[in-house]
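2 protein chains.
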Amino acid sequence: MLWELVGSSAAVLTMFGFVPQILKIHKTQSVEDVSLWMLIQFCLGMLLWMLYGLHIRDNILIVANAVSFSSLIVAIGFFIKYRKNCRRNCKRTK
Amino acid sequence: MLWELVGSSAAVLTMFGFVPQILKIHKTQSVEDVSLWMLIQFCLGMLLWMLYGLHIRDNILIVANAVSFSSLIVAIGFFIKYRKNCRRNCKRTK
Numbered sequence: 005m006l007w008e009l010v011g012s013s014a015a016v017l018t019m020f021g022f023v024p025q026i027l028k029i030h031k032t033q034s035v036e037d038v039s040l041w042m043l044i045q046f047c048l049g050m051l052l053w054m055l056y057g058l059h060i061r062d063n064i065l066i067v068a069n070a071v072s073f074s075s076l077i078v079a080i081g082f083f084i085k086y087r088k089n090c091r092r093n094c095k096r097t098k
Numbered sequence: 005m006l007w008e009l010v011g012s013s014a015a016v017l018t019m020f021g022f023v024p025q026i027l028k029i030h031k032t033q034s035v036e037d038v039s040l041w042m043l044i045q046f047c048l049g050m051l052l053w054m055l056y057g058l059h060i061r062d063n064i065l066i067v068a069n070a071v072s073f074s075s076l077i078v079a080i081g082f083f084i085k086y087r088k089n090c091r092r093n094c095k096r097t098k
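Chains A and B are the protein sequences, given in the same order.
Quick note on this note's numbering: the first sequence kicks off at 5 and runs consecutively.
Quick note on this note's numbering: the second sequence kicks off at 5 and runs consecutively.
There could be a bad hint or two in this list.
The list makes no distinction among identical chains, and a pair is therefore deemed to hold if it is satisfied within one copy or across any two copies.
[Unchecked claim] Distance condition first, Cα-Cα at most 20 Å in a straight line; then the derived EDC-like pairs of lysine to aspartate or glutamate:
no., residue 1, residue 2
1, Lys31, Asp62
2, Lys88, Glu8
3, Lys85, Glu8
4, Lys88, Asp62
5, Lys85, Asp62
6, Lys88, Asp37
7, Lys31, Glu8
8, Lys85, Asp37
It is worth saying that the hints were derived from the structure and are not from the lab.
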């Protein structure tokens, strides 16, 4: 019961781990400091974790990574949408 | 053998998933568009996945999440270090 709670909490936290980043991108409409490679690497990684979860028949692994994978697709979509907004046009004080 | 490769690839990709973001922060010295909540949420999530991995005795889960957790500590350190660099001092064209 305790370990189910630990696993479920881990799942919920990482499942929705990119949600704060998605909300921030949506709010600022800027992705200048966000790494696209991070998003792509996680997207592929989560897909493979999901397949591995199917193999070892661990439902928590499967569901958590399926949701993460979906959120990463949204994040990459937002990245592509907003990447032109500030690219090389920002005037920074530093 | 195939599934070990799938699990290991998933582990390597997500283990080093935040490395591109860390390198980008180090290069630009700016974290304005990066969500701190994303980093904190993943940090806690990876810690719990690691504990869950210990429980189900899955070495891939344990090692992958231990490395991710460590990289997140670095990312959060960088975030704190560079968060003042551009905060509310950026002049954006949009």
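Going down the list of hints, with the structure as the test:
Proximity of Lys31 and Asp62 under a CA criterion of 20 Å is satisfied in neither setting, with 36 Å inside one chain copy and 39 Å between copies. Proximity of Lys88 and Glu8 under a CA criterion of 20 Å is satisfied in neither setting, with 43 Å inside one chain copy and 40 Å between copies. Neither within a single protomer nor between protomers do Lys85 and Glu8 lie at most 20 Å apart by alpha-carbon distance, with minima of 38 Å and 36 Å respectively. In this assembly of identical chains, Lys88 and Asp62 lie within 20 Å of each other by CA distance neither inside one copy nor across copies; the values are 40 Å within and 42 Å between.
For the homomeric pair Lys85 and Asp62, neither the shortest alpha-carbon distance inside one copy (35 Å) nor that between copies (39 Å) is at most 20 Å. In this assembly of identical chains, Lys88 and Asp37 lie within 20 Å of each other by CA distance both inside one copy and across copies; the values are 13 Å within and 14 Å between. In this assembly of identical chains, Lys31 and Glu8 lie within 20 Å of each other by CA distance neither inside one copy nor across copies; the values are 35 Å within and 40 Å between. Taking the shortest alpha-carbon separations for Lys85 and Asp37, both the intra-copy value of 15 Å and the inter-copy value of 15 Å come in at or below 20 Å.
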